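Based on the provided sequences and hints, a complete structural model is requested.
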Amino acid sequence: MDYETLRLIWWVLVGVLLIGFAVTDGFDLGVGALLTLVGRTDNERRVMINTIGPHWDGNQVWFITAGGAIFAAWPLIYATAFSGFYLALMLTLAALWMRPLGFDFRSKIEDPRWRSGWDWALFAGGLVPALIFGVAFGNLLQGVPFEFDAYLKATYTGSFFGLLNPFAILAGLVSVSMLLMHGAVWLQLKTTDMVYQRSVQVATILGVVTAALFGLAGLWVHVGLDGYIITSAIDPSAPSNPLLKTVEVAPNGLMTNYSIYPWMMIAPVLGIGAALATALLSLRNASGWAFLTSSLSIAGIILTAGFSMFPFLMPSTTQLNASLTIWDATSSQLTLNVMFWVAMVFVPIILAYTSWSFYVMRGRLKAADIESNSSHALY
Amino acid sequence: MNETVVELSRFQFAFTAMYHFIFVPLTLGLTFMLAIMESVYVMTGKTIYKEMTKFWGKLFGINFAIGVATGITMEFQFGMNWSYYSHYVGDVFGAPLAIEGLMAFFLESTFVGLFFFGWDRMSKVKHLMVTWLVAFGSNFSALWILIANGWMQNPLGAEFNPDTMRMEMASFAELIFNPVAQVKFVHTVSAGYVTGAMFVLAISSYYLLKNKNVAFARRSFAIAACFGLASSLSVIVLGDESGYEMGDVQQVKLAAVEAEWETHEPPAAFTIIGFPNEETQTTDFALKIPYLMGIIATRSFDEPVTGLKDLKAQNRDKIIRGAEAYLLLKKRQDVGLNEQESLLFDQIKGSLGYGLLLEPFAQNMAAPTEAELDAAADYSLPNIAPMFWSFRIMVASGFLMLIIFAYAFLLSTRHQIDKPKWFLKVALYSLPLPWIACEAGWFVAEYGRQPWAIAEVLPIHTAASNLAVSDLVISLVAVGVFYTVMFIIAFGLMVKFAKKGPQHSGDTSRERPTVADTSVTTEGAKA
Chain A
1 MDYETLRLIW
11 WVLVGVLLIG
21 FAVTDGFDLG
31 VGALLTLVGR
41 TDNERRVMIN
51 TIGPHWDGNQ
61 VWFITAGGAI
71 FAAWPLIYAT
81 AFSGFYLALM
91 LTLAALWMRP
101 LGFDFRSKIE
111 DPRWRSGWDW
121 ALFAGGLVPA
131 LIFGVAFGNL
141 LQGVPFEFDA
151 YLKATYTGSF
161 FGLLNPFAIL
171 AGLVSVSMLL
181 MHGAVWLQLK
191 TTDMVYQRSV
201 QVATILGVVT
211 AALFGLAGLW
221 VHVGLDGYII
231 TSAIDPSAPS
241 NPLLKTVEVA
251 PNGLMTNYSI
261 YPWMMIAPVL
271 GIGAALATAL
281 LSLRNASGWA
291 FLTSSLSIAG
301 IILTAGFSMF
311 PFLMPSTTQL
321 NASLTIWDAT
331 SSQLTLNVMF
341 WVAMVFVPII
351 LAYTSWSFYV
361 MRGRLKAADI
371 ESNSSHALY
Chain B
380 MNETVVELSR
390 FQFAFTAMYH
400 FIFVPLTLGL
410 TFMLAIMESV
420 YVMTGKTIYK
430 EMTKFWGKLF
440 GINFAIGVAT
450 GITMEFQFGM
460 NWSYYSHYVG
470 DVFGAPLAIE
480 GLMAFFLEST
490 FVGLFFFGWD
500 RMSKVKHLMV
510 TWLVAFGSNF
520 SALWILIANG
530 WMQNPLGAEF
540 NPDTMRMEMA
550 SFAELIFNPV
560 AQVKFVHTVS
570 AGYVTGAMFV
580 LAISSYYLLK
590 NKNVAFARRS
600 FAIAACFGLA
610 SSLSVIVLGD
620 ESGYEMGDVQ
630 QVKLAAVEAE
640 WETHEPPAAF
650 TIIGFPNEET
660 QTTDFALKIP
670 YLMGIIATRS
680 FDEPVTGLKD
690 LKAQNRDKII
700 RGAEAYLLLK
710 KRQDVGLNEQ
720 ESLLFDQIKG
730 SLGYGLLLEP
740 FAQNMAAPTE
750 AELDAAADYS
760 LPNIAPMFWS
770 FRIMVASGFL
780 MLIIFAYAFL
790 LSTRHQIDKP
800 KWFLKVALYS
810 LPLPWIACEA
820 GWFVAEYGRQ
830 PWAIAEVLPI
840 HTAASNLAVS
850 DLVISLVAVG
860 VFYTVMFIIA
870 FGLMVKFAKK
880 GPQHSGDTSR
890 ERPTVADTSV
900 TTEGAKA
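Order-wise, the sequence lines are chains A and B.
Using my numbering, the first residue of the first sequence is number 1, and each one after it goes up by one.
Using my numbering, the first residue of the second sequence is number 380, and each one after it goes up by one.
Hint data in this document are derived by calculation from the structure and do not stem from the laboratory.
Just so you know, nobody snuck in bad clues.
Using 27 Å as the maximum straight-line C-alpha spacing, the simulated DSSO-like pairs for lysine-lysine come out as follows: (1) B:Lys697 to A:Lys153; (2) B:Lys591 to A:Lys108; (3) B:Lys879 to A:Lys108.
Counterexamples of contact, computed for chain B against chain A with all Cβ distances above 12 Å: (4) Ile415; (5) Glu658; (6) Ala692; (7) Val805.
On a predicted model such as this, the values are computed, not experimentally measured, just so you know.
Glycine residues also receive a C-beta, built at the ideal position from the N, C-alpha and C atoms.
Okay, structure coming up:
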């Protein structure tokens, strides 16, 4: 396969992995963050944790694999973004450490202090990553300060607090709202009684909030943000070296793609429309449909970020030419090709057995199921 | 590059990796033992084996949780702390990491959920299949990460591309069939099986000593003894040592673990013990077995094993050539190369790594002084004493465990498992041995690779991210505090539930309290 096609395919594949991550791991991050709000008693919280108990670990692999795939397909992104966002990523990791331990250890000891400690750890383990992923995207959309020397050694000149600018915080809130909505929808699908009712309320509110915040971010992009444009000739088959091109700031540049390819508007429309639909369907107790629309909304929102930036992945604000794009931040043709076929073989297999695992664990979990299980075979 | 940042990054990586590997070998071993126990349950229908699977599964779960948590760090730390490394070799090194996710992590993690939660939701055979898939998943994961690690030790199938300033994959087949990776894989998973077996053997011995859960403990003991004996034989016979023939840095390790200062007439003698003396470059009070080293390392009587002094001299020559490649690359970036120079660069670009190695030592790369070349050559080898000792600690632990498993196996075949109390005590107190062996082994493999991140391609000081010291201090404090707390909690739970024993583990024993006892009598009668 030719280099250009492979580069495009890998942009799609990384997108698939990120959406897969947000749709699967997203709901259990959401459930974690909602643990103390939706679950008022210990038993309710155990119900919530047990709905994701069989799945959170498999779901989290979407995140790990997205990391690995970025390493393999976009090594310069892996190298530059993760070292640049060093402390933010460290904070995310620290939050993520809480989850495997919290899920597995929480219910093993009866002491209420022990359990409430883990509840807050799981809350942070859900909320912090959701927030930081959004903040990271908010920064990528605006561009971040990094430079390359002639040997492509990256130096990041921004700071941790520099990441917390107003637009990025808004993007972080979109992400939090979207994943908590998704978590609430999952709980509707898997629980009964009080947890169910509270989840309906939360999903209804957050469906509207997600649509509003995302719409606000769109408006902000439209009026207040600059984009970037490649001004030199693009050779989509050139060796991956970002310094070989020239880039300039393009006022309103993040909207350019939508005028060139109007079909891309489907992404933001889906982001807002499906979020509102989720609110409505939750109210009508259509949990299954609400889960579908919530997933579509997430896909729409992530795609919007990708479409707006295309072909940029990580623009540089301080050395414009160093900006990383899908044409010059990728692996070699051979690696992309090998990894493409690996993905073609394994992604369908993964989807098959993941679906099977959800099928095996289908059905709603009742408080009685937890109460009757004092031996902690369940979490 | 700030040297403090490099040292702190090294320390953080070593700490998080070695910490992660406290939990990995137990997962590798226990998943297989769980699958074996459950297979016996499905084949014989004896509930006690289901109870065993569930009980050891619960302890496995505690270990697995912290293994997963610390594994997340590993996946991202390359980019965080080793930014230039990630760029420089991501084209090659990233592939096995991504495949590990697609092929192994998904399998392991999806089915581990069903292992714990699916007991009442599927048929016996399906659940058994789930358990086996968890075991395969964890072992596939070891395969791919060791292919990645094997490439760091012996970087085959890749070439430097000056247009993109990085190593690029030239042959995927060479990457995955790297002989160093293959022996590493077999050696490492076998070590994991030994760890799982020792874990079960030691805790079973504890029950037998306390005279509780006897039927349960005897069976666990017997399975652990068989599995442990087979695995410890495999770990020793298929030892890593065979991998040391390949690749120059592997040869350095071989010479270092034996403190082989000089190249001796073949076949070389094997130093059992002694005190390597870095200053005099000799091993004091060495006790040697003639011929053995030559046979182990070269599988022959006539090939020499190269000594450290000669390896260092060879490296010095490579550094001189490396400086030349380095200068050509610089010229290529500054003004471009003519055709002749391009050809020359292609010929010597394999030595570029040695040029990067010299960089921090040389004032002027165009004319490095003799002293600078000597300093870089000294730097090109790891310190010998830590290598020599950790290798011996690993081997000694390995042989001790072999003896323990062999004796445990003997007792099992003679149905005398709980007779010799002294042996049960020995088995219990041997619990730390597999971890000591594993950590010492990884120390040999990774410290022995120093000063390289990728053997002969990329030195660690070039590989590190351009971070501030304060970044590293913050992350080190976070890692240190969280990991310590996590360890205390997991260790506490492990001890609590191991002491509590299987009678509280699952609903089976409560529902049908007599089943276990019945099966004992049946078997007792047969015996």
